[in-house]
Amino acid sequence: MLTRRIIPCLDIDQGRVVKGTSFVNLRDAGDPAELAERYNREGADELVFLDITASSDARDTMVDVVQRVSSQVFIPLTVGGGIRSVEDVRRMLEAGADKVSINSAAVERPELIAEASAEFGAQCIVLAIDAKREPDSGFVALEGEEPVPAESGWRVYTHGGRRPTALDAVKWAKLGTELGAGEILLTSMDEDGQKNGYDLALTRAISRAVNVPVIASGGAGNLEHLHDAMSEGEADAVLAATIFHYGEYTIAEAKAYLAERNVPVRPFEPQT
Amino acid sequence: MNSENGYIAVVNHTAANIHSVDKALQKVGADARVTADAAELMGAAGIVLPGVGASDAAMRALMRLDLVNPIKEFALTGKPVLGVCLGMQVLFDSSEEGQLPGLSLIPGIVREMQPSVDGVSRKIPHMGWNAVQFIRPGNEVPQIFDGTPQDTHFYFVHSYECIPASEDDVVAVTNYGSTICAVVARDNVIGTQFHPEKSQDRGLDIYRRFVDLSLSASGVKAN
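Residue numbers (my numbering), protein chains in the order written: chain S, 56 to 327; chain B, 245 to 467.
Please note: incorrect hints may appear among the correct ones.
Estimated spans, in silico, between C-beta atoms of each pair [as the list claims (entries may be wrong)]: (1) B:Val361 <-> S:Gln127: 33 to 41 Å; (2) S:Pro322 <-> B:Asp390: 17 to 25 Å; (3) S:Gln69 <-> B:Asp337: 47 to 55 Å; (4) S:Ser286 <-> B:Thr321: 47 to 55 Å; (5) S:Glu303 <-> B:Arg308: 46 to 54 Å; (6) S:Ala314 <-> B:Met286: 43 to 51 Å; (7) S:Gln127 <-> B:Gly463: 26 to 34 Å; (8) B:Gln270 <-> S:Arg139: 28 to 36 Å; (9) S:Ser286 <-> B:Gln358: 20 to 28 Å.
Not everything, but these chain B residues come out facing chain S in the computed CB check (under 10 Å) [claimed, not checked]: (10) Ile262; (11) Lys367; (12) Lys442.
Honestly, the hints are just simulated from the structure, not real lab data.
We put the beta carbon where it would ideally sit given N, CA and C, even for glycine.
Please construct the entire structure, taking both the sequences and the accompanying hints into account.
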């Protein structure tokens, strides 16, 4: 039986792992290769690296990180952040990434998904979606633009949740997979960093709308949250950062917790 | 290990996971050479045919690089060939995915996985860690799986599945709503639908034994 995946996420700023609350207040959490090896030993099913480096001239650092990690860690690696072209995708795959996630650039030019998918295959193109609940007061459009309702109740944002788009999150997920994305990395901007649990309704809505795997992200504060995302949220995989980075839980503990509750997970095996 | 001890050729076509395969082979101490040169392929102790993506793209690349016949000739020498994921799928006669014929090293076809089996839906690609069951009698399992326990989890990511013409060629299966061929083998030609290079120590073990098998098949003593 296919197992559900637990995926630690490493946010990388200029070659170092950082994690903040709601994308601010960054704290240093260490060397990416060291942390990746620790997660590999603990039995992580995959790893995601998101480059949050602001300046584009520091992007080469990310290639180094991916090269170093992929020579030592033999689990799937997804790399995202600042991917804007088919060439960017190629660069990361050649550095050792197995999958590349595309976010803002796909919103601006959806054909990028189709182009990258045709070139490298759907299995390595991940559409990253940052979604936010529509406020009860109604949506305020960017200056000079008409407000477009997000019918599902969640809107797609870019630029770390600061910039609203005209896209409905559920419709965008569907369109993205039709264009050739092989997986959805879904982050709730409302829950991210809050440690109150994933946005289960959002995760379920997207998971039911598409026929590719969905990774739930944003809000994990304890192991019950992981379980909720996989059961109630119907997620195929969960992404988490802080609960693992600071040693609150190990991956093995998370797997034992899920297995006790009849969620199929890959059993832990010590790695050399 | 130097080249006199034999090297493993990693066929360098368009697929994106060539680097992962190369790194895994290096990790287990092999002299791995990523190459699209027919002479270098023919001189190898064993070849790994990697691959992710679309079968037509892979076959087109192999044709453009004039590697179709060299790979077939290499297989005829009896030296080991390992196809991984898409590299396994191109070992067959043909694929529904594309128009181009495969390498025909193993009889059978490659078929698109359906998003629903007997009314139960499943997500495509089949992506993640799944348990593998060896179904051949123990003495017929290729030695690169010696020491791989039943129900070991390996990492899969694919949207097409191999349908070998002869059930005798099916070494191992996995279950994803339906039974899927996970390992195929016919004599010295072996294919894994999963990615050993992404399956931690259990996967690296397979590469280690593939290297040993290749070197011993070439009459080279493994280090």
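Taking the hints in turn, this is what the structure says about them:
1. B:Val361 <-> S:Gln127: 33 to 41 Å: 38 Å Cβ-Cβ, so the 33 to 41 Å window holds.
2. S:Pro322 <-> B:Asp390: 17 to 25 Å: holds, 21 Å
3. S:Gln69 <-> B:Asp337: 47 to 55 Å: holds, 51 Å
4. S:Ser286 <-> B:Thr321: 47 to 55 Å: holds, 53 Å
5. S:Glu303 <-> B:Arg308: 46 to 54 Å: For arginine 308 of chain B against glutamate 303 of chain S, whose Cβ atoms are near 52 Å apart, the range 46 to 54 Å holds.
6. S:Ala314 <-> B:Met286: 43 to 51 Å: holds, 48 Å
7. S:Gln127 <-> B:Gly463: 26 to 34 Å: This hint holds: roughly 33 Å between Cβ atoms.
8. B:Gln270 <-> S:Arg139: 28 to 36 Å: holds, 31 Å
9. S:Ser286 <-> B:Gln358: 20 to 28 Å: holds, 26 Å
10. Ile262: Holds, because the Cβ-Cβ distance from isoleucine 262 of chain B to chain S comes to roughly 9 Å (cut-off 10 Å).
11. Lys367: Holds: closest Cβ of chain S sits about 5 Å from lysine 367 of chain B, inside 10 Å.
12. Lys442: holds, 5 Å
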